[in-house]
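Peer 1: One-letter residues, chain by chain:
Protein chains: 2
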Amino acid sequence: MEINVVNALTYEDFVKLFGNVVEKCPLISAAIWSHRPFKDLADLEAHVTEFIDSLPDSGKEGILRCHPDLAGRDLQSGTLTRESQEEQSQAGMNTLDSAEGLQMYRLNSEYKERFGFPFVICARLNNKADIVRQLSERLKNDRGPERERAIEEVKKICSLRLRNIVLSDIQTQTNK
Amino acid sequence: MEINVVNALTYEDFVKLFGNVVEKCPLISAAIWSHRPFKDLADLEAHVTEFIDSLPDSGKEGILRCHPDLAGRDLQSGTLTRESQEEQSQAGMNTLDSAEGLQMYRLNSEYKERFGFPFVICARLNNKADIVRQLSERLKNDRGPERERAIEEVKKICSLRLRNIVLSDIQTQTNK
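In order, the protein sequences belong to chains Z and F. Under my numbering, think of the first position of the first sequence as 1, with each following residue one higher. Under my numbering, think of the first position of the second sequence as 1, with each following residue one higher.
These are calculated hints, taken from the structure and not from any lab test. Glycine is no exception: its CB is placed at the ideal position from the N, C-alpha and C atoms. Where hints are given, some of them may not hold.
[To be verified] Residues from chain F shown here face chain Z by an in silico Cβ test under 10 Å; the list is partial:
#, residue
1, V22
2, A30
3, S54
4, C66
5, G78
6, E110
7, K112
[Said to hold, decoys possible] Listed below are the simulated EDC-like cross-link pairs for lysine to aspartate or glutamate, each with C-alpha atoms no more than 20 Å apart in a straight line:
#, chain 1, residue 1, chain 2, residue 2
8, Z, K112, F, D13
9, Z, K112, Z, D57
10, Z, K16, F, D74
11, F, K156, F, E113
12, Z, K16, F, E86
13, F, K112, Z, E12
14, Z, K112, F, E12
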């Protein structure tokens with residue numbers, strides 16, 4: 001998808017296409033539509049990052065709270081967003097044995113109890129073992145640094161989702 | 001619902017209950033959970049207002065863009081949120097005759113073309129005639145003042161949705 005195609009989208013089509021690049025926060029893509037025209041994909045991504053950074057701490061925590069648990073109830077019941085479903089599956093979160101499942105449940109619960117938001121990590125860039133290790137380590141952080149750490153992961157997820165939208169579109173066009 | 005019950009909610013239950021007090025912006029209620037404990041409903045509402053006011057102009061426009069058209073495609077196809085469905089129906093938006101429907105379509109289109117966000121008005125506080133009149137009048141505003149005007153309507157909608165959640169809960173408890 002050429003950037004001039006993106007720039008020509010109505011806000012309705014833009015939000016339909018990019019609305020979930022930050023999980024369950026269509027407000028964010030709806031906001032950055034105001035900054036068209038974008039020079040390129042990197043410019044579009046920079047506006048998302050800038051918007052997130054402009055939020056007060058409560059807003060950053062709000063973004064995190066819009067994320068599902070890793071290997072949680074939504075994965076089991078099939079109520080994840082399409083993007084999360086693919087990402088969690090790719091990291092093996094849908095094939096945990098019962099001991100691994102229990103461990104994830106306990107660590108997630110401890111994390112949410114400690115920080116008041118769920119553990120967020122870019123599942124596409126980590127395997128099962130990495131995720132458990134990082135969850136255990138990040139549990140030791142203080143709240144402020146951990147909020148910032150988690151927001152960095154939100155940005156990585158967003159970056160890959162943006163690329164995915166644009167690349168799959170190129171694929172579609174090539175196959176025509 | 002007593003405020004201590006609200007204050008005792010996990011962020012997950014809080015977002016489930018209050019997530020749509022600003023249309024399709026669960027980020028906002030998820031953010032203000034950070035400010036517990038709330039003194040009372042007015043305090044909770046004040047935090048929503050403060051959060052909205054803290055957003056850059058693009059963020060305010062983002063909130064507006066998460067709203068459906070009045071008497072638009074989502075109303076016809078039944079894909080509005082439950083809250084919007086009730087509000088638009090109460091204002092008679094679901095019983096427009098074909099001339100009224102065409103008029104709303106034209107005015108909405110003109111408004112979106114001019115401002116880059118949809119016309120938002122607290123439908124519970126206005127009837128069909130008021131809505132058409134205000135839509136025609138607000139079309140003459142400049143973009144900045146109109147953005148602020150529309151955000152005031154978002155706050156009225158939010159206030160009534162908050163009250164509705166709390167009051168219907170009191171009703172439920174009384175009926176027990």
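Peer 1: Indicate, hint by hint, whether the structure satisfies it.
Peer 2: Consistency of the hints with the structure:
1. V22: holds, 9 Å
2. A30: Where the cut-off is 10 Å and the nearest Cβ of chain Z is about 4 Å from A30 (chain F), the hint holds.
3. S54: holds, 6 Å
4. C66: At about 5 Å, which falls below the 10 Å cut-off, the nearest Cβ of chain Z leaves the hint on C66 (chain F) intact, so it holds.
5. G78: Where the cut-off is 10 Å and the nearest Cβ of chain Z is about 18 Å from G78 (chain F), the hint is violated.
6. E110: Violated. Min distance 14 Å.
7. K112: holds, 8 Å
8. Z:K112 / F:D13: holds, 13 Å
9. Z:K112 / Z:D57: holds, 17 Å
10. Z:K16 / F:D74: holds, 14 Å
11. F:K156 / F:E113: Violated, at roughly 25 Å.
12. Z:K16 / F:E86: The hint is violated at about 24 Å.
13. F:K112 / Z:E12: holds, 10 Å
14. Z:K112 / F:E12: Distance of about 10 Å is within 20 Å: holds.
In summary, the numbered hints that this structure violates are 5, 6, 11, 12.
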